[in-house]
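Visitor: Residue numbers (the working numbering), protein chains in the order written: chain V, 25 to 688; chain L, 32 to 229.
Any given hint could be a false lead.
[Claimed, not checked] With the C-beta cut set under 8 Å, the calculated list includes, among others, these residues of chain L facing chain V: (1) N78; (2) S82; (3) G85; (4) I163; (5) Q172.
[Said to hold, decoys possible] List of simulated lysine-lysine pairs, DSS-like, C-alpha gap at most 27 Å: (6) V:K535 x L:K76; (7) L:K149 x V:K542; (8) V:K556 x L:K76.
In short, the hints are calculated from the structure, not lab data.
Note that the structure is predicted; figures quoted are calculated from it, not measured.
Every residue gets a Cβ at the ideal spot worked out from N, C-alpha and C, and that includes glycine.
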Amino acid sequence: MKHFFSGKTAAGVVAAGLVAFAAYSCAGRSGGTTLTASDAATRVYVAPGSYDEMYAFMSGGFNGQVSVYGIPSGRRLKTIPVFSQYPENGYGYNEETKPMLNTSYGFVPWDDTHHPALSQTAGEDDGRWLFINGNNTPRVARIDLARMETDEILEIPNAAGNHGSPFLTENTEYLVASTRFSVPIPNRDVPIADFKKQFKGQISFIVANEPGKMRVAFQLLVPGFNYDLARAGKGPSHGWMFLSMYNTEQANSLLEVNASQNDKDFVAAVNWKAIEACAKDGKTRSTAAGYLHNYMDEASRSAKSERIGSVAQLSPTDCKGSIFFMPTPKSPHGADVDPTGEFITAGGKLASVIPVHSFSKLLKAIEAKDFQGELDGIPVLKYESTIAGEVKNPGLGPLHTEFDANGYAYTSFFISSEIVKWKVSTREVVDRVPTYYSIGHLMVPGGGTRKPTGKYVIALNKITKDRYLGTGPELTQSAQLYDITGDKMKLLLDFPTEGEPHYAQAILASKIKDRQVKFFKLADNKHPMVSKSEKETGISRDGKKVHIKMTAIRSHFAPDNIEGITVGDTVYFHVTNLEQDWDVPHGLGVMGNNNGELLIMPGETRTLRWVPSRASVYPFYCTDFCSALHQEMQGYVRVSAPGAGVPLTATLSRGAQAAVTAKK
Amino acid sequence: MLVAVAGLLVGLAVALPLWRIDLVAPQYPEGLGLLISANTITGVKENDLNSINGLNHYIGMRVIEPDAIAELRFARPLFLALAGAGLGVAALGRRRLLLVWVAVFALVLVGGLADMWKWGYDYGHNLDPHAIIQVPGMSYQPPLIGSKQLLNFRATSWPASGGWLLALAAILAVVGTRSGRGPRTPSAPRASPVSSGA
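Isolated chain V, as found in the complex:
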């Protein structure tokens, strides 16, 4: 999605767009309204030791993670590993988190994150969890915001390209995920040329409001189009979901051209309460499917994977009134619902207007059966009968709209590289500012909820070119912070981001910061290989497996010298961090290990697997600078050739010695 158009195509579009530019330039191109540098600096300056006003959670795009930033300073605070292994803290390398990355395809150590979504209560961000999609191998993850850790990942069956995901209903009843690629359902070996006959889309409704228990409640089977971003209804439209789609041409080759032929595609209005009722009436079919659910077991802090064998499905014809198609201008990237729940906008990437659909008109049209036809059993409404109005000549390449609390909407324009502010009630453009360059999504804190926090709009740009010091051909990614408290939007700050930020969420820090966990209680540690004191440490052999129960505390490991390992053994270091103090993690790195390191938070146990390849003495050490004597925090493992007859022993561990004695 980095370049919607390249080279000549872009030139052509820009040329064609000049007329449009001329038309709206009269509306006042006020991009020049910037603060003086010192005014802007004051607005984003957070004094040393002071806190930012908001947390922002940005998707890392192709790094597969989520990054946490402070707003307004734009300082990056943390990377939360989600779908990709993360050497920095051993996520996906240690035995406790490896199961998080299990899928029906096996261990998949990478994904592409796009759209973070904060959990909601009564249509407002509540700061409990953050959900995010894995775009490539369809998955959704739940991140706990008190620990800022990935706690749960659910694979989505019958999906391919989990782009239109995750979108939450206003009490987090459902997380909705639609498939980008239509595929054979169930997926099997068929000729791709049979696309129109055999390929289907689906919209999954996932129960997401109970930690560790995410599951697909039901899948609605829909025509073989490409499904894209969505929003849940709110207030009066609660109970409905609005999803965009493109490629209603059903092209399967050169989509760039072949999926850009129809003048209108659709926004689907899905009545999920109706589907819920149908499901209750037994109208769904349980269909065979194999997919994984990975969740963190709270007490042992170890992830577990379970395989699920079926999914409930239904077709629109099984459940009348469950889905309607609203025609909307060209190739929408998303649908957005304003805070009142009445207006639904669509971002037609190739559209010359921003359509504003009306929920009340939609209901009337459905009531009056004002349909222009039917598509695979789905009633297709008339464009005119659902539309409240259009924003005329808004810009080029409208993509995504968010809202403030004062009745204004902010729409990103990729091609004309700008944010346009318009009034929802009158569809009048009131301001526009340039972005540097080619904005994709934008984000107003709370801008997708019933009660936007507003104050800022953040541009998530696709191109940075000359905005920063160059870093070779691969440049930094970038976001931009604009003030929206006045009539005119004002650029305050450019700040670099990790990976490619697609979408982001922001929430007042006060909703999260006081719940931050400082360390884990050792007394509550239920890891099967925990050592709650040095007395509980030990070594044991189980055939070719050697388990080392180890502790770390400032500034030593116990045990620290281990002998009796032989080539061919698989060694597991089960290290418990005995600290019960804030900000004292310990780490473990072993020379030559074809694996990562451990980073162990106070009170938790983490396990590092190691298969030594040759007879040798191997040092290990603490990798997180923990104390003045961190550099002394080390040990050795002696690995002998098979049959060398070196007994299993360890120093600094009474338990280890006792265990060895007991075995003899």
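Knowing the structure of chain V, use the given hints to seat chain L on it.
Guide: Same frame as chain V, but now just chain L:
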């Protein structure tokens, strides 16, 4: 009456921490702290005692184990007995008993402080000869009252709520003995010197 209140305050004080030692260092902006009660020593925050013991291993200080301090076993009963006796003295209203009670109270307070100082001295000076950090001439006794820099930590020691109650009780008791003298003046024969003191 004053003495009765003093007795009650003594009884109340043993339910509260008597003394507090706060430790602040550059890397502990949130601080660590100990609360010394008549019957135990706890951290100001849940794991402070544990953390302080962990840090003390660098300088070779013995682990602070409340269970190993015998005084903590009988200090509370002692204070409760003192409180009971105070109430008894107040009820009886006998000046001589009052003076004895005040004297015992003063002894207990002075003895308690001296004992606390002795433990502080002991922890601060009897260090492991193999300690990781050895600064020639340096000892780590926290002040009894006041503030002192101990390596990277500033240790501040001060009475806690219970300690202040004891101090108030002591003042009341002394005032009680003085006001008790009033009725003894020849022209004012009154019922009870203690009750009239109120």
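Visitor: Evaluate each hint against the coordinates.
Guide: Cross-check of the supplied hints:
1. With 8 Å as the threshold, the beta carbon of N78 of chain L comes within range of chain V, its nearest partner Cβ sitting at about 4 Å, so the hint holds.
2. Given hint, S82 of chain L at the interface with chain V, holds; its Cβ is 5 Å from that chain's nearest Cβ, closer than 8 Å.
3. About 6 Å separates the beta-carbon of G85 of chain L from the nearest beta-carbon of chain V, less than 8 Å, and the hint is met.
4. For I163 of chain L, the interface hint holds, the least distance from its beta-carbon to any beta-carbon of chain V being 6 Å, beneath 8 Å.
5. Hint status for Q172 of chain L: violated, given a least beta-carbon distance of 22 Å to chain V, over 8 Å.
6. Between the alpha carbons of K535 of chain V and K76 of chain L the distance comes to roughly 23 Å, so the proposed pair stays at or under 27 Å and holds.
7. Of the supplied pair hints, the one linking K149 of chain L and K542 of chain V is violated, its CA atoms being roughly 35 Å apart against a limit of 27 Å.
8. Our distance criterion of 27 Å between C-alpha atoms is met by K556 of chain V and K76 of chain L, whose separation comes to about 20 Å.
Comparing the model with each earlier hint shows violations of hints 5, 7; every other hint is respected.
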